[in-house]
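Peer 1: Sequences listed follow chains A and B, in order. Quick note: the first sequence uses the numbering used here, first residue 131, plus one each step. Quick note: the second sequence uses the numbering used here, first residue 131, plus one each step.
One or more of the hints may lead you astray.
What the hints assert, rightly or not - Here chain B is said to cover these stretches of chain A; the calculated rule only asks that three of the stretch's residues, wherever they fall, bring their Cβ under 8 Å from a Cβ of chain B: (1) 208–221; (2) 242–251; (3) 399–408; (4) 553–559; (5) 565–578; (6) 643–649; (7) 654–666.
Derived from the structure by calculation, the hints contain no laboratory data. Just so you know, these numbers come straight off a predicted model, no measurement behind them. All C-beta atoms, glycine included, are put in the ideal place defined by N, C-alpha and C.
So the chains spell out like this:
Number of protein chains: 2
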Amino acid sequence: MTARRNVLFIMCDQLRFDYLGVYGHPHIKTPNIDRLAARGVRFTNAYVQSPICGPSRMSAYTGRYMRSHGSNWNGIPLRVGEPTLGDHLREIGVRNVLVGKTHMAPDREGMARLGIPADSVIGVLQSECGFEPYERDDGLHPDGRYDPAPRYDGYLREQGFAAANPWEHWANSAEGDDGELLSGWLLAHADKPARVPDEHSETPYMTRRAMDFIREAEEDGRPWCLHLSYIKPHWPYIVPAPYHDMYGPEHVIPVQRADGERDDPHPVYKAFQDERVSKAFSRDGVRERVLPAYMGLITQIDDQLGILFRFLEERGLADDTLIVFTADHGDYLGDHWLGEKQLFHDVSVKVPLIVVDPGSAADPTRGTVSDALVELVDLAPTFLSYFGGVPKPHILEGRSLLPLLHGQDSGPWRTAAFSEYDYAIDRARLALGTPVPDSRLYMVADGRWKLVFAEGFRPMLFDLQADPLELRDLGADPAFADQRQRLTEELFAWTRRARSRITRADEAIAAGDDAGRAYDRTFGQGIVIGYWDEAEADAERDKIRRYHAGG
Amino acid sequence: MTARRNVLFIMCDQLRFDYLGVYGHPHIKTPNIDRLAARGVRFTNAYVQSPICGPSRMSAYTGRYMRSHGSNWNGIPLRVGEPTLGDHLREIGVRNVLVGKTHMAPDREGMARLGIPADSVIGVLQSECGFEPYERDDGLHPDGRYDPAPRYDGYLREQGFAAANPWEHWANSAEGDDGELLSGWLLAHADKPARVPDEHSETPYMTRRAMDFIREAEEDGRPWCLHLSYIKPHWPYIVPAPYHDMYGPEHVIPVQRADGERDDPHPVYKAFQDERVSKAFSRDGVRERVLPAYMGLITQIDDQLGILFRFLEERGLADDTLIVFTADHGDYLGDHWLGEKQLFHDVSVKVPLIVVDPGSAADPTRGTVSDALVELVDLAPTFLSYFGGVPKPHILEGRSLLPLLHGQDSGPWRTAAFSEYDYAIDRARLALGTPVPDSRLYMVADGRWKLVFAEGFRPMLFDLQADPLELRDLGADPAFADQRQRLTEELFAWTRRARSRITRADEAIAAGDDAGRAYDRTFGQGIVIGYWDEAEADAERDKIRRYHAGG
Numbered sequence: 131m132t133a134r135r136n137v138l139f140i141m142c143d144q145l146r147f148d149y150l151g152v153y154g155h156p157h158i159k160t161p162n163i164d165r166l167a168a169r170g171v172r173f174t175n176a177y178v179q180s181p182i183c184g185p186s187r188m189s190a191y192t193g194r195y196m197r198s199h200g201s202n203w204n205g206i207p208l209r210v211g212e213p214t215l216g217d218h219l220r221e222i223g224v225r226n227v228l229v230g231k232t233h234m235a236p237d238r239e240g241m242a243r244l245g246i247p248a249d250s251v252i253g254v255l256q257s258e259c260g261f262e263p264y265e266r267d268d269g270l271h272p273d274g275r276y277d278p279a280p281r282y283d284g285y286l287r288e289q290g291f292a293a294a295n296p297w298e299h300w301a302n303s304a305e306g307d308d309g310e311l312l313s314g315w316l317l318a319h320a321d322k323p324a325r326v327p328d329e330h331s332e333t334p335y336m337t338r339r340a341m342d343f344i345r346e347a348e349e350d351g352r353p354w355c356l357h358l359s360y361i362k363p364h365w366p367y368i369v370p371a372p373y374h375d376m377y378g379p380e381h382v383i384p385v386q387r388a389d390g391e392r393d394d395p396h397p398v399y400k401a402f403q404d405e406r407v408s409k410a411f412s413r414d415g416v417r418e419r420v421l422p423a424y425m426g427l428i429t430q431i432d433d434q435l436g437i438l439f440r441f442l443e444e445r446g447l448a449d450d451t452l453i454v455f456t457a458d459h460g461d462y463l464g465d466h467w468l469g470e471k472q473l474f475h476d477v478s479v480k481v482p483l484i485v486v487d488p489g490s491a492a493d494p495t496r497g498t499v500s501d502a503l504v505e506l507v508d509l510a511p512t513f514l515s516y517f518g519g520v521p522k523p524h525i526l527e528g529r530s531l532l533p534l535l536h537g538q539d540s541g542p543w544r545t546a547a548f549s550e551y552d553y554a555i556d557r558a559r560l561a562l563g564t565p566v567p568d569s570r571l572y573m574v575a576d577g578r579w580k581l582v583f584a585e586g587f588r589p590m591l592f593d594l595q596a597d598p599l600e601l602r603d604l605g606a607d608p609a610f611a612d613q614r615q616r617l618t619e620e621l622f623a624w625t626r627r628a629r630s631r632i633t634r635a636d637e638a639i640a641a642g643d644d645a646g647r648a649y650d651r652t653f654g655q656g657i658v659i660g661y662w663d664e665a666e667a668d669a670e671r672d673k674i675r676r677y678h679a680g681g
Numbered sequence: 131m132t133a134r135r136n137v138l139f140i141m142c143d144q145l146r147f148d149y150l151g152v153y154g155h156p157h158i159k160t161p162n163i164d165r166l167a168a169r170g171v172r173f174t175n176a177y178v179q180s181p182i183c184g185p186s187r188m189s190a191y192t193g194r195y196m197r198s199h200g201s202n203w204n205g206i207p208l209r210v211g212e213p214t215l216g217d218h219l220r221e222i223g224v225r226n227v228l229v230g231k232t233h234m235a236p237d238r239e240g241m242a243r244l245g246i247p248a249d250s251v252i253g254v255l256q257s258e259c260g261f262e263p264y265e266r267d268d269g270l271h272p273d274g275r276y277d278p279a280p281r282y283d284g285y286l287r288e289q290g291f292a293a294a295n296p297w298e299h300w301a302n303s304a305e306g307d308d309g310e311l312l313s314g315w316l317l318a319h320a321d322k323p324a325r326v327p328d329e330h331s332e333t334p335y336m337t338r339r340a341m342d343f344i345r346e347a348e349e350d351g352r353p354w355c356l357h358l359s360y361i362k363p364h365w366p367y368i369v370p371a372p373y374h375d376m377y378g379p380e381h382v383i384p385v386q387r388a389d390g391e392r393d394d395p396h397p398v399y400k401a402f403q404d405e406r407v408s409k410a411f412s413r414d415g416v417r418e419r420v421l422p423a424y425m426g427l428i429t430q431i432d433d434q435l436g437i438l439f440r441f442l443e444e445r446g447l448a449d450d451t452l453i454v455f456t457a458d459h460g461d462y463l464g465d466h467w468l469g470e471k472q473l474f475h476d477v478s479v480k481v482p483l484i485v486v487d488p489g490s491a492a493d494p495t496r497g498t499v500s501d502a503l504v505e506l507v508d509l510a511p512t513f514l515s516y517f518g519g520v521p522k523p524h525i526l527e528g529r530s531l532l533p534l535l536h537g538q539d540s541g542p543w544r545t546a547a548f549s550e551y552d553y554a555i556d557r558a559r560l561a562l563g564t565p566v567p568d569s570r571l572y573m574v575a576d577g578r579w580k581l582v583f584a585e586g587f588r589p590m591l592f593d594l595q596a597d598p599l600e601l602r603d604l605g606a607d608p609a610f611a612d613q614r615q616r617l618t619e620e621l622f623a624w625t626r627r628a629r630s631r632i633t634r635a636d637e638a639i640a641a642g643d644d645a646g647r648a649y650d651r652t653f654g655q656g657i658v659i660g661y662w663d664e665a666e667a668d669a670e671r672d673k674i675r676r677y678h679a680g681g
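Starting from the given sequences, assemble the full structure and let the hints guide the process.
Peer 2: Okay, here's the thing in structure tokens:
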């Protein structure tokens, strides 16, 4: 590397692509993110590799599709030894550091089988998806589950917010008129302020922790990739003042749904429509109560990013730091008669993605918008390439975005984006009676058409040009059989491209091509196959001698 | 386990399915293997998962297809942590022991990344594909490559066979009339006896080592799975007296090839026809010189198996030991104008498979022949099941053969057998100009039809009923488009069944189904999604109480 280089990799959780000012939301205020977009490239077709936290993040952190990394759902351990961005960056002297959420579940059985102590340096890296955990906090600490003692809870206690579970009872609860605790988990309370003031809530806390790391890293001197990973605007939908009433029902945009979507829907879609959360968000008044809190959480993030970006500028880091702003998936919020995520409508599977490359090579693209089909598996190869690492296409299944950022004509980017979902753990599987291994969905989106391949069922199909809100499923319409066939073939080709030969690089295999053309390399290693007699063997030895003599 | 149980897993290397008496060869003498078949089930449609040593063996030893284990060619390391038969057996107290060849290449980079010392117990298991290496010997020790000091070389030296490389210069060489060394690598010398007498050659040596282990294991007391893995009848095609002239040109069966196969062949097939070894075996006189040695090597194995089986009987082990006899792939030997293996004609991709289950449950099938489509990935689940282990379909991609061995109607076995080949390391890739990651072939065989899907090229297709010798490629014939389509869809379905979620069993996922039907399990863990107010939450709490009260 010739110059100091860092990466700030910001991820929000459950942030829809369309809930930012720069992405066209008519009411939400996100001036700092909007300004970030003006400094870099804003992608309008960025897809996550699974529309749920864990698998989506494992894809982002490994640069590999779910079908390859195998961590199919939240809490499914990432197999020990699965190569991560951290592994690739450490090889070239770059620290890969975490502040916030990863949703990583360690493969404790695999680690035990390989004799890796969980508290060793390697054990920690294996448990933290390759990140150096400056502050690991998955952002969900309900009573009775998850890590019971996040550092943030200790922080709240130090600030005087005493409780058995400060996260739940202070940061994610409100108070009634008589001082009674009102759980932030309940949608009815989304319009009330959280019990903690803004400065002590999670987003400002994590932002300060990121700045703590950056300060320390300056003394350390090594280049870094910092993953600042906010839990918000993920539920519980509750936010401190003044964000709790910054937006009101008048700022809630119309729901994106059609009655026809409930008329003979695809069986898997129907099963998700029947989930409690979908029914809740489909009821009158729920969106009006919840969405202002969701929007407040987003503006709170934006305000904190303003502080963080000024901090970078003041320390002279803005010119050295590639910044990514993105999310792990969206949120239906009642659109399509659904809540949560899990399916493949754009509001769930598409995310905001803004990338600022500070180098002069990126000047031609500053402030531009790209509709290239990009995927979050592209981030790891982008970072590796930014730090000067050798590409690893035999492991990393995405592509470096640097050519796009540098305005280079890199040929056709990709013909389709892919995403997967395993609903084996959802109630949908019980409703459908699907076998566990067959509870699988795949999305193939080419920019205009989007196919959802459902194992054991007919596919779904949307024409995003004629029907940008994806309200008409053409999956059973005979008129579109050709499109379904074409996209299914794309999916088949994609399944064949899974990279499992991760222990040998393509380049290593091709390294001997010149010699292989000139003589029998196997023979050169003493393995003599297909030679009749000494004369034939001697002739081959001559070839080898001539090759090495440069003949 | 109620009774002592062991497994003797015998594998030959490069043994064609049709070069055994019981499989119909008109001249070869294999009375002991024939008698083994009379005691068990002989499979006539057993396919390897890649027609080359390394990947085929990695599939047999992991129970996983190549697309999953990723060790695509000889010498490509098996990624650290890839679960093996040995891992599964050790969990239930069974030793998994090796005598002979595995072709395992350890993932030294991966082991270093995980801090696993190569000389630790875990490091050795990771380096030996999960086997306890009682005697590891890959059977090829040419000058200048491979492990330079096999124990067998030391043995030969002790017997007075002094040389820098006793394996090459004694066990795999002959002598000329004037005492000069004649390399066993050269096909012209295949009719001469090896310089070592029979008793000191590799097959008897390895057989004795297997018996050494079995004796020691009796004192140890733990059940064992012993992999006795002969390098023979793999080249170098040279065998000691009296086997070197036991067969002559009169015992060489007619070559299986047609002129039409050289008339506009499939490009990949053509590239392999153009390999040196293919041309060598296509020349007049080569088969007549080489095949008698190949057959002698097989009869030598059979004689040794006679000794081994008597040994088991004398020690009372025959009634406790499940015996498998098979091979890692076949050998073209000039059929189809090819040498070596690598492609998917039956003589390459189909292997002998005889399984003797000593238990009374298998009595109904003794001496029978099964045409079920079986694959070598079925062996690991068979052994696991035999020892009473819990099936692991989320890891093991094959199926236990026990239902077939017990004559149970287990429903449709499988609709097609699959095999893969990665020719990135072959000269064929250079000839074809194929990109490294696209140099892939897949076989789908349903018992009658066989499709070879070639990335970037048209497929090949054979009708084994009309054309059992596979001399007519129907891959470009419009009349068979339907069959090609059908088998291609089978391949697509198979690619979607890759088991990558190896850290969580299907059963573990389904374990909470009852509770999941009765109440919201996520809610039970403190995660409250889609609840409007306290009343809704209380109602769900009631459901949980009722469920746990058995209501």
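Peer 1: Now, for every hint given, state plainly whether the structure supports it.
Peer 2: Now the hints, each set against the structure:
1. Here's how the stretch 208–221 of chain A fares: 5 of its residues keep a CB closer than 8 Å to some CB of chain B, so the rule of at least three is met and the hint holds.
2. Judged by the Cβ-Cβ criterion of 8 Å, the stretch 242–251 of chain A is covered by chain B as claimed, because 5 of its residues qualify and three suffice.
3. Against chain B, the stretch 399–408 of chain A contributes 4 residues with a C-beta closer than 8 Å to a partner C-beta. That satisfies the three-residue criterion, and the hint holds.
4. Remark: the stretch 553–559 of chain A is confirmed as covered by chain B, as 3 of its residues place a Cβ nearer than 8 Å to a Cβ of that chain, reaching the required three.
5. Check on the stretch 565–578 of chain A: 4 of its residues sit with their Cβ under 8 Å from a Cβ of chain B, so the three-residue criterion for coverage holds.
6. Counting residues of the stretch 643–649 of chain A whose C-beta sits closer than 8 Å to any C-beta of chain B gives 3, which meets the bar of three, so the coverage hint holds.
7. With 11 residues having a Cβ less than 8 Å from any Cβ of chain B, the stretch 654–666 of chain A passes the three-residue criterion, so the hint holds.
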